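Undergrad: Protein chains in written order, with the working numbering: chain A, 1 to 446; chain B, 1001 to 1383.
Simulated from the structure, these hints should not be mistaken for lab results.
This structure is a prediction, so every number in the text was calculated from the model and none was measured.
Take these hints with a grain of salt, some might be off.
Stated by the list, open to error - Straight-line Cα separation of at most 30 Å, DSS-like style, residue types lysine-lysine; simulated pairs:
id, chain 1, residue 1, chain 2, residue 2
1, B, Lys1377, B, Lys1050
2, B, Lys1270, B, Lys1313
3, B, Lys1054, B, Lys1035
4, B, Lys1377, A, Lys318
5, B, Lys1050, B, Lys1315
6, A, Lys178, B, Lys1315
What the hints assert, rightly or not - Beyond 10 Å from chain B on every Cβ pair, some chain A residues (computed):
id, residue
7, Leu111
8, Glu140
9, Leu155
10, Asn176
11, Tyr179
12, Leu197
13, Gly204
14, Tyr247
15, Ser253
16, Ile254
17, Gln261
18, Val298
19, Tyr324
20, Tyr363
21, Lys438
Each residue gets a CB set at the ideal place from its N, CA and C atoms; glycine is no exception.
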Amino acid sequence: MKKIKSKIESRGLERRTSEDETTSELFSTFTCGENENQMSDSLQILASGLNNIAEKEDRVEEKSANNELVELKSEKNFQTSITAIQPLVTFQPPLQKQKWFKQLKWVLLILGGVLFFSSIASIFTESFGITLRNIINGDENTIRLIIHAQIPRTLLVIVTGVGMSICGLIMQSLTNNKYVSPMTTGTLDGARLGVLLAMMIVPGATLLVQGAFSFAITMGTTVLFIILINRLKVKNKMFVPLVGIIYGGVIASITTIIAIQQDGALQTIMQRLVGNFTLTLSGWDIWIPIMIISGLVVISYVFSNWFMIAGLGEGTAKNLGLNYRWTVNLGLFIVSAITAMILPTAGIFPFLGLIVPNIVSLYMGDNIRRALPVTALFGAIFLLVCDILARVIIWPSEMPAGVVVGVLGAAIFLLLLFLQSDTLKSLKGAIKRRREKKLGEGVTNG
Amino acid sequence: MDKLEKTFDDSQAPLEQNKTQSPIETIEVTSTKKKKTNKVLLKIGAFFKKPYSKLVICSAVLAGVMALYLFYGLLGLPREIILFDLVELRLMPFAAMVLVSVCVGYSTVTFQTVTNARILTPGVLGFENIYMFIQTFIVFALGSAYMFLISGTENFIISVVAMVVVAGLIFIPMLTRGGTKGVFTLLLVGMILSTFFASLTTLMQYRIDPDEFLVLQALMFPSFSSPNSRIVLVSAIIILVTLLFTPSARRMDVLSLGRETSISLGVNHKFMSIRLLVMVAALVSVSTALAGPMMFLGLLAANLSYQIMKTHKHKYTIPVAILISAVAVFTGQFLIEHVFTSPWIIENIFGGRSITVPIAVMINFVGGIYFIILLLKERKKAK
């Protein structure tokens, strides 16, 4: 019995948090609103969604006064279908209280603290030697260094970590496939092709122009990939990333064929393969991506439950009253925009989108609303630590953070896979059985 | 055991005969006037449907492409120049290409049989990253002086052995543990490991002296254009020795039926899988060290061979896969060496610019597109 409970806990279905209520609420009101007003503009929809959150508390009070179900039925016809969501969400909470380290607030608090300290460490990691004494004395050079190089860099690292890991999370929940990440859907290859085209068509293009180009191409390649996958109608989960790798290979070969004709273009593109923060300096081409990505992260948190329901499949999602196509398009838009913004400014970080959501879901469960903040924080911390390591290992020179991400991430993921593997489980089982046997013997002897 | 194999072979043979003869009978009844011409036509059609004739046609195509590659641009030149060109410039690349296509064709079909998945290729496991890692590690740990001390052949053998050992330690236990789940974890681990090795290689490259890095750079991009004759000889020997261990095609047919079926039919599934996988690891290592990664070539060759032969008998699919990969490699190399560099093409099609395309990139492009089209077509058939 305990085992089952702990399993349920780890799946994250056990708690009917207030957040869950919010979204089911958000759902019903949203679908109503769309039908009545025929809203076409996505911004309008967004605004209505945000309003609904604000109104939610009053509504909950109203409904608790009346009988909830009766009221729901008395409203629109299709709203009855929304009651189907209730059993899913109102899973009976277990009587036993959760362990403290699994409660969301404690996890967030701890991760936030770690993030704070690691970002301070990141600000003070520099080969020129920033000391506290210099800051207190008001040394101009030191302060300028901190404001123009160290703080933007740290912020960019945090935003990149958050953005990439959330991209992975959204894609995994949309396709309901744990193996999917921007690396295995041709998204990164598309972004690279976009940067190449920007460099060819607009000579001396700024990072923003490159970002715009790569956004256009990335959106195109990602949409094409989703169309391809839908046309295949595959049920096999391993099939999707495999097709994605092949698809990415085709795009990458197009990029290579174009780039090899230009002098030096191939080298520049190859350098984009490795994520790097060495050249980060304060400027608009850093601040605008940071702001855009932060905005997109907030949007993805607001709509996180939709992505989870869209992952249940088109039929189920529609049955639950979700505008399926709109949700998928929104998710794709967010993923492509974040990837396209990150690639020209910082480069590619393999794995970040694959490993971080997987590690978090091992401990937090599949409830994306719960997992998203943790994933974001964890991704930021992971990338920060990797960036600090990249600066420390061959001090006083630096090396790309993407390399450290690749090595560390792969090692961690393989370790996790091993810990989850059957051999270890059977080993544990054998030890447990032996212990029980010994205990049993002790009892009979006594 | 032999009896079982025979019955398995016989049970499929009559089926195929029926398929080829049935259209003749049905049309004979309906048509009266065009009986004779139809008969001849259908007989020709039936001839082309026979697996052996398909094999012959494929090898004829290959022979044509090979001849084109070997003798293009040599007609009318003095005999000495022809001999020099053939022996000194074209013979070694020719041999290397033949060896690589044997490796790729055989290893892909076998790997797909063991894993029971038509979209897998051993290239997914990231052998080229392991190869690069080993090269970098040697320079990193022992210095470039060591690279000068040992000959290219010794380095080649060391890297092939190391690749086989790494692959054997990591991939084979995973695959033989059981069923389809093993394949999934294998793929995931392969993907992660290839990035892991690539990152580790970059990490070490940052610590290597720039002068030593130049030595490494020469080893990074092996290609067909200038293979070392001793390396070609060594790899030919390794491939021949490896192919000596190949099990009979019938046993491989049984293996492709799945784990339970093959065990019940009396094939030692675990032993066979390990044996084949070790062979695959050796062959892929040799081809990677010889000519760099050819990830999609195997996919293209194996699936085209299933499509052309319309059977899963290894007796036919393996040779045809080898033939097709050879055709692809020779055509690609011919296009790159002679067609893309010819003045007419450069002026009229490329607009006065010379265009260079690495052969691996070209094959990846064509192979990837073919494969996606194949997947889309299969879905239509299923509907």
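Undergrad: Does each hint hold? Answer for all of them.
TA: For each hint, the structure was consulted:
no.: 1; hint: B/Lys1377 to B/Lys1050; result: 24 Å, holds
no.: 2; hint: B/Lys1270 to B/Lys1313; result: 20 Å, holds
no.: 3; hint: B/Lys1054 to B/Lys1035; result: 26 Å, holds
no.: 4; hint: B/Lys1377 to A/Lys318; result: 29 Å, holds
no.: 5; hint: B/Lys1050 to B/Lys1315; result: 13 Å, holds
no.: 6; hint: A/Lys178 to B/Lys1315; result: 38 Å, violated
no.: 7; hint: Leu111; result: 24 Å, holds
no.: 8; hint: Glu140; result: 33 Å, holds
no.: 9; hint: Leu155; result: 25 Å, holds
no.: 10; hint: Asn176; result: 15 Å, holds
no.: 11; hint: Tyr179; result: 6 Å, violated
no.: 12; hint: Leu197; result: 17 Å, holds
no.: 13; hint: Gly204; result: 22 Å, holds
no.: 14; hint: Tyr247; result: 7 Å, violated
no.: 15; hint: Ser253; result: 4 Å, violated
no.: 16; hint: Ile254; result: 7 Å, violated
no.: 17; hint: Gln261; result: 6 Å, violated
no.: 18; hint: Val298; result: 30 Å, holds
no.: 19; hint: Tyr324; result: 21 Å, holds
no.: 20; hint: Tyr363; result: 19 Å, holds
no.: 21; hint: Lys438; result: 30 Å, holds
Hints 6, 11, 14, 15, 16 and 17 from the earlier list are contradicted by this structure; the remaining hints agree with it.
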